[in-house]
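Chains as they are written, first to last, in numbering that gives the first Met the number 0: chain A, 0 to 558; chain B, 0 to 194; chain C, 0 to 340.
Read the hints as simulated data drawn from the structure, not as lab findings. Even for Gly, the Cβ is constructed at its ideal location relative to N, Cα and C. Incorrect hints may have been included.
[What the hints assert, rightly or not] Computed list of lysine to any residue pairs in SDA-like fashion (alpha-carbon distance at most 20 angstroms, straight line):
1. A:K548 - C:P82
2. A:K360 - C:R69
3. B:K45 - C:T194
4. C:K193 - A:F163
5. A:K360 - C:S79
6. A:K360 - C:D76
[Stated by the list, open to error] Among the chain B residues that face chain A by a calculated CB cut under 8 angstroms, a handful are:
7. T12
8. W15
9. V19
10. S30
11. L31
12. G44
13. S46
14. I121
15. L125
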Amino acid sequence: MSVLAPTTTSPEAAGNRRALVEQLHDWVVTVDHKRLGIMYVVTGLVFFVIAGAEATAMRVQLAWPGLHVVAPETFNRLFTMHGTTMIFLVGIPIVFGFGNYLVPLMIGARDLAFPRLNAFGFWVLLFGGLLLHFSVVGGDGLYGAGSAPAVGWFAYAPLTGRAFTPGNATDYWNLAILVTGVGTIATAVNLVATTLTMRGPGMTLGRMPIFVWVMLTVSGMTLVILSPLSAAQIMLALDRYLGAHFFDTQAGGSAVMWQHFFWFFGHPEVYILMLPGFGFVSEIIPVFSRKVIFGYATIVAATVSIGLVSLSVWAHHMFAVGMGAPLNSFFALSTMLISVPTGIKIFNWLATMYGGRLQFKTPLLFCCAFLFQFLCAGLTGVMLAVAPFDWQLTDSYFVVAHFHFVLVGSLLFTIFAAMYYWFPKVTGRMLSERLGRWHFWLLVIGFNLTFITMHVPGILGMPRRIYTYQADRGWEIWNLVTTLGVPLQLIAVLIFVVNVVLSLRRGTLAGDDPWDAWTLEWATTSPPPSYNFDAIPVTTSRRPLWDLKHPDDLDGPHE
Amino acid sequence: MTSLAVAEQEAETRAWRGRVGLIGLIMAEISLFGVFVVAYLFYMGKSLNGPYPKDVLDLPVLATVCLLSSSIFVALGARALPRGDVRWAGIWLFVTALLGTIFLASTAKEWYRLIYREGLTIGTNLFGTTYYPLVGLHATHVIIGLCMLGLCCVFAWWGALRPVHGERVELVSWYWHFVDAVWVVVFTVVYVIGR
Amino acid sequence: MRRRGVLICAFVAGLPALGAAADGQGPTPNMFAPVSTPAYAIREIAFFVLGITGAIFVVVAGLTLYTIIRFRRRAGDGPSEPPQVYGSRQIELAWTVVPFLIVLVLFLVTARYIWGIERYQQPPGAVEVTIVGNQWWWEIRYPKLGVVTANELHVPVSDPARPTPTFITLESADVIHSFWVPQLAGKMDVIPNKTNHVWVDPTTPGTYVGQCAEYCGLQHALMLLIVVVHPREDFERWVAAQQAVARDDPAARRGRELFASLACINCHTVRGTPANGVFGPDLTHLMSRWTIGAGAARNTPENLRAWVDDPGTLKSGALMPAMKLSRRDLDTLTAYLVTLR
Numbered sequence: 000m001s002v003l004a005p006t007t008t009s010p011e012a013a014g015n016r017r018a019l020v021e022q023l024h025d026w027v028v029t030v031d032h033k034r035l036g037i038m039y040v041v042t043g044l045v046f047f048v049i050a051g052a053e054a055t056a057m058r059v060q061l062a063w064p065g066l067h068v069v070a071p072e073t074f075n076r077l078f079t080m081h082g083t084t085m086i087f088l089v090g091i092p093i094v095f096g097f098g099n100y101l102v103p104l105m106i107g108a109r110d111l112a113f114p115r116l117n118a119f120g121f122w123v124l125l126f127g128g129l130l131l132h133f134s135v136v137g138g139d140g141l142y143g144a145g146s147a148p149a150v151g152w153f154a155y156a157p158l159t160g161r162a163f164t165p166g167n168a169t170d171y172w173n174l175a176i177l178v179t180g181v182g183t184i185a186t187a188v189n190l191v192a193t194t195l196t197m198r199g200p201g202m203t204l205g206r207m208p209i210f211v212w213v214m215l216t217v218s219g220m221t222l223v224i225l226s227p228l229s230a231a232q233i234m235l236a237l238d239r240y241l242g243a244h245f246f247d248t249q250a251g252g253s254a255v256m257w258q259h260f261f262w263f264f265g266h267p268e269v270y271i272l273m274l275p276g277f278g279f280v281s282e283i284i285p286v287f288s289r290k291v292i293f294g295y296a297t298i299v300a301a302t303v304s305i306g307l308v309s310l311s312v313w314a315h316h317m318f319a320v321g322m323g324a325p326l327n328s329f330f331a332l333s334t335m336l337i338s339v340p341t342g343i344k345i346f347n348w349l350a351t352m353y354g355g356r357l358q359f360k361t362p363l364l365f366c367c368a369f370l371f372q373f374l375c376a377g378l379t380g381v382m383l384a385v386a387p388f389d390w391q392l393t394d395s396y397f398v399v400a401h402f403h404f405v406l407v408g409s410l411l412f413t414i415f416a417a418m419y420y421w422f423p424k425v426t427g428r429m430l431s432e433r434l435g436r437w438h439f440w441l442l443v444i445g446f447n448l449t450f451i452t453m454h455v456p457g458i459l460g461m462p463r464r465i466y467t468y469q470a471d472r473g474w475e476i477w478n479l480v481t482t483l484g485v486p487l488q489l490i491a492v493l494i495f496v497v498n499v500v501l502s503l504r505r506g507t508l509a510g511d512d513p514w515d516a517w518t519l520e521w522a523t524t525s526p527p528p529s530y531n532f533d534a535i536p537v538t539t540s541r542r543p544l545w546d547l548k549h550p551d552d553l554d555g556p557h558e
Numbered sequence: 000m001t002s003l004a005v006a007e008q009e010a011e012t013r014a015w016r017g018r019v020g021l022i023g024l025i026m027a028e029i030s031l032f033g034v035f036v037v038a039y040l041f042y043m044g045k046s047l048n049g050p051y052p053k054d055v056l057d058l059p060v061l062a063t064v065c066l067l068s069s070s071i072f073v074a075l076g077a078r079a080l081p082r083g084d085v086r087w088a089g090i091w092l093f094v095t096a097l098l099g100t101i102f103l104a105s106t107a108k109e110w111y112r113l114i115y116r117e118g119l120t121i122g123t124n125l126f127g128t129t130y131y132p133l134v135g136l137h138a139t140h141v142i143i144g145l146c147m148l149g150l151c152c153v154f155a156w157w158g159a160l161r162p163v164h165g166e167r168v169e170l171v172s173w174y175w176h177f178v179d180a181v182w183v184v185v186f187t188v189v190y191v192i193g194r
Numbered sequence: 000m001r002r003r004g005v006l007i008c009a010f011v012a013g014l015p016a017l018g019a020a021a022d023g024q025g026p027t028p029n030m031f032a033p034v035s036t037p038a039y040a041i042r043e044i045a046f047f048v049l050g051i052t053g054a055i056f057v058v059v060a061g062l063t064l065y066t067i068i069r070f071r072r073r074a075g076d077g078p079s080e081p082p083q084v085y086g087s088r089q090i091e092l093a094w095t096v097v098p099f100l101i102v103l104v105l106f107l108v109t110a111r112y113i114w115g116i117e118r119y120q121q122p123p124g125a126v127e128v129t130i131v132g133n134q135w136w137w138e139i140r141y142p143k144l145g146v147v148t149a150n151e152l153h154v155p156v157s158d159p160a161r162p163t164p165t166f167i168t169l170e171s172a173d174v175i176h177s178f179w180v181p182q183l184a185g186k187m188d189v190i191p192n193k194t195n196h197v198w199v200d201p202t203t204p205g206t207y208v209g210q211c212a213e214y215c216g217l218q219h220a221l222m223l224l225i226v227v228v229h230p231r232e233d234f235e236r237w238v239a240a241q242q243a244v245a246r247d248d249p250a251a252r253r254g255r256e257l258f259a260s261l262a263c264i265n266c267h268t269v270r271g272t273p274a275n276g277v278f279g280p281d282l283t284h285l286m287s288r289w290t291i292g293a294g295a296a297r298n299t300p301e302n303l304r305a306w307v308d309d310p311g312t313l314k315s316g317a318l319m320p321a322m323k324l325s326r327r328d329l330d331t332l333t334a335y336l337v338t339l340r
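Just chain A, same shape as in the assembly (with noise of 0.2 angstroms):
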């Protein structure tokens, strides 16, 4: 059933209020892949507002030094929980709900592989997120010590052992993290799945859009490296709660061996976050440039390589942990190749727009400004994989910019075209082009004031995780400034959420294809009907609407 439609099986006599149970009835028992796509982002969107405001509660504590707007113990709350949300709430949710609409839709299947699991994945995330921020509130625990963890995002060893951390504020960190971890590995599973078997007739794997492309190295990437985290979570809960020595140094255990499991993790980790950034790019740049993507073939080849390369490359977070010189110079050289591949992308995206047509709308706007910031992001990147320059700037709020730079600046901003971009598919309404502008560039100078300001008290010697900071330490006039873009940002993200609900109600409708565009999801009505297509479209090419639409110049014979 349609998204707008409600479900009325009753007399009228009974009225919206019956409508309105049933249509939630609806949504909760659910198994199609586009509303529990819709109902990811929707949940990574609120969890986004909330750690927004546990960013901005930092930033307000920290714009002026020996503040006390928050006590210690509490910005060391705010930092934990902020990163932790963020990576484990919004990232990976916003992404993988993108993954779960577009896929079947884009390869000409009529449902992911597995629905029900699909369906798990997504509660088992809900219950984690839930518990997670449960912590805050009624996380008294053992010894009333509970509360929101505060340990970071993190959380390395032995600081989150039970004689450093007593009471269950870790436990909630470590216990969440692990249920929403499940979760993820399904959907990963689902996704393999379906873009191995279910792919509709014509498409073959190299005839798939590069999202898609994109969503299967992504879900093997996690196929890997989610059950390390989750291997580590559960030896940190054996150590808490049985006694059990793993990381605990008293006893002869490592703590360097957490990181190392941690950051096997967590590096592929922001890999997974952000190939499918670029993965929305890949979609969006050739269809507001009029022009195919350039060097397809390459395109997925260097997906491909980022997913393997960023398996070798995690203790560039381990620099100064002292693994020695002959470990230093591995990582170091892993961590600038996978600069290579990645420089590639950038330069096929600008090849793609070379000679188009650019048609400024909101999307390619926050792709343009993406293109900036990014490679900004990419090349800071490069700084920090030269270990003795990284043993300056680790821990210290250049690298706090740095990673901002690539979560903030490239996968947000691609979050939000892709939310321009196919809003009106999932929704059958365009978002506001007004709105949009003022979105994004109220997000644009925002964003740049704080962020690049940030980096200059990193290398005036301003570590990470600290709640104040002395004055004439010479770091004021750049935490101030700092904290002076985020207001902007703020009343950025408040215009896009008042340009959805507006547009939900009174936007222009869109009908089937509203860009002109050339993939499958666009050959069907907006919003798609439950069963995404009355006939499966027959692939011919990588731009099957292309094909549709230009029969003189079809793309098969250049490909």
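Knowing the structure of chain A, use the given hints to seat chains B and C on it.
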């Protein structure tokens, strides 16, 4: 295409859906076990106090023979079902489950001895810390496999198991093969290298 | 708390006057103002990397900007699509090979600097220091000189012609900390059950401020490390002063007896007295240090009194318990402590 050919192709796709899904799950499980194996290897020889592996570990020969031979029987069972031999499928699956249960009982017996007679618990030293979770994780997977096998046996006994369920029983057998392969690794690491 | 804010400002205002021969070194630990070889080396390679990445940025951002402006859809373009370009093997090969070569060069330079800094051999005449990270203070020991102090690292200046570097062994008593004084060297983590090493050879006397750079719990933010670089003779004098046992000022005898009778001696050492606890900082020459609580407040008698009364007022959650003394005892004790110069 005739509708029969289409139906056959869809059945084939459906079968591969399940197979690819299970392979994906197995990849995730390999990663999971891998980390516990790495921890075991890293902490080998680093315990600050005894008991040490060579003092207390005996080779679990009977358990290993039972578990590894059970792979043969589960393969026989998975092959019998699509052929139409529901009765033999049930018997082979039952034998598999029996052998798996003997394995578990043997592990339980060993753990009893280690805990109560040798004084080795998870908190005793690094050996205990890494031994119990690794072997225990494997044993947990054996239990899950036994539940699935048990269900298949019950359905066979009730007459509810049909040849058309052959794909699903095949997936159960793949899972069981995986559990056996993991045991080969655990056995080698803990009882051969580690001692 | 307002009091703490005032104290912090007072502390920092006085910081530039710190040290024997402060050379106008401000407390801003700028990694691009190095005074020691590892930091110099890092700055060198940093400039190299910044040069390469800067050039890449200019080229790629410039190309992007050009593309965005030049290929805007214009009014007269009409409904037809532009020519579709599917790829170009030569171009794609070029923009694979060139970045790869850049990476190769960058890696070779990086490797040289990694090995150069890490494998530097300790020369004879180097000063040896062991630093033990605690929550939330630094224990600093000079094993060969018999000196134990806290939170302030004193080292001799090093002459590039005949270097006298300081080699620091890093250990932790509890969780992971990180030693970071940007003007002297890159970070090195301080990890329990692992021994790390870092070396510095500052060429300019002065005072350099660093702080713990790995989140270590509640008061990670107040775990400052002050490094004072002395000219050679001044360093010898400092060492001699630190090696001496605690001053025995007869006027403070009542306070000394009080100290010995309370739980203080369970955690603190005052050499020359029965106090030999090792959980807290060595107090033998407490008043020779600039701050208390690893930067929580300036080391003045008023602050000292407040700290002894309840450390939580200056550094909430500090592991030293509030001593709950009467006002008279507090005054007596403080009068004794300020004699420990």
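Structure-based check of each hint:
1. At most 20 angstroms may separate the alpha-carbon atoms for a hinted pair to count; K548 (chain A) and P82 (chain C) meet this at roughly 15 angstroms.
2. For the hint linking K360 (chain A) to R69 (chain C), the alpha-carbon distance of about 17 angstroms falls within 20 angstroms, and the restraint holds.
3. The hinted pair formed by K45 (chain B) and T194 (chain C) meets the criterion: a straight-line CA distance of about 16 angstroms does not exceed 20 angstroms.
4. For the suggested pair K193 (chain C) and F163 (chain A), the alpha carbons sit about 18 angstroms apart, so the restraint of at most 20 angstroms is met.
5. Our distance criterion of 20 angstroms between C-alpha atoms is met by K360 (chain A) and S79 (chain C), whose separation comes to about 18 angstroms.
6. At roughly 17 angstroms between alpha-carbon atoms, K360 (chain A) and D76 (chain C) fall within 20 angstroms of each other, so this suggested pair holds.
7. Evaluation of the T12 (chain B) hint against chain A yields a held restraint, the C-beta minimum of about 5 angstroms falling below 8 angstroms.
8. Given hint, W15 (chain B) at the interface with chain A, holds; its Cβ is 5 angstroms from that chain's nearest Cβ, closer than 8 angstroms.
9. Taking 8 angstroms as the C-beta cut-off, the interface hint given for V19 (chain B) holds, the closest approach to chain A being about 4 angstroms.
10. For S30 (chain B), the interface hint holds, since its Cβ comes within 8 angstroms of a Cβ in chain A; the closest pair sits about 4 angstroms apart.
11. For L31 (chain B), the shortest C-beta to C-beta distance to chain A is roughly 4 angstroms, which falls under 8 angstroms, so the interface hint holds.
12. Interface hint at G44 (chain B): violated, since its Cβ lies 11 angstroms from the closest Cβ of chain A, which is beyond the 8 angstroms cut-off.
13. Residue-level restraint check for S46 (chain B) holds (minimum Cβ-Cβ distance to chain A is 7 angstroms; threshold 8 angstroms).
14. Because the closest C-beta pair between I121 (chain B) and chain A is about 5 angstroms apart, less than 8 angstroms, the hint holds.
15. Look at L125 (chain B): its Cβ gets to within about 6 angstroms of chain A, closer than 8 angstroms, so that hint holds up.
The structure fails hint 12 only (numbered hints given earlier).
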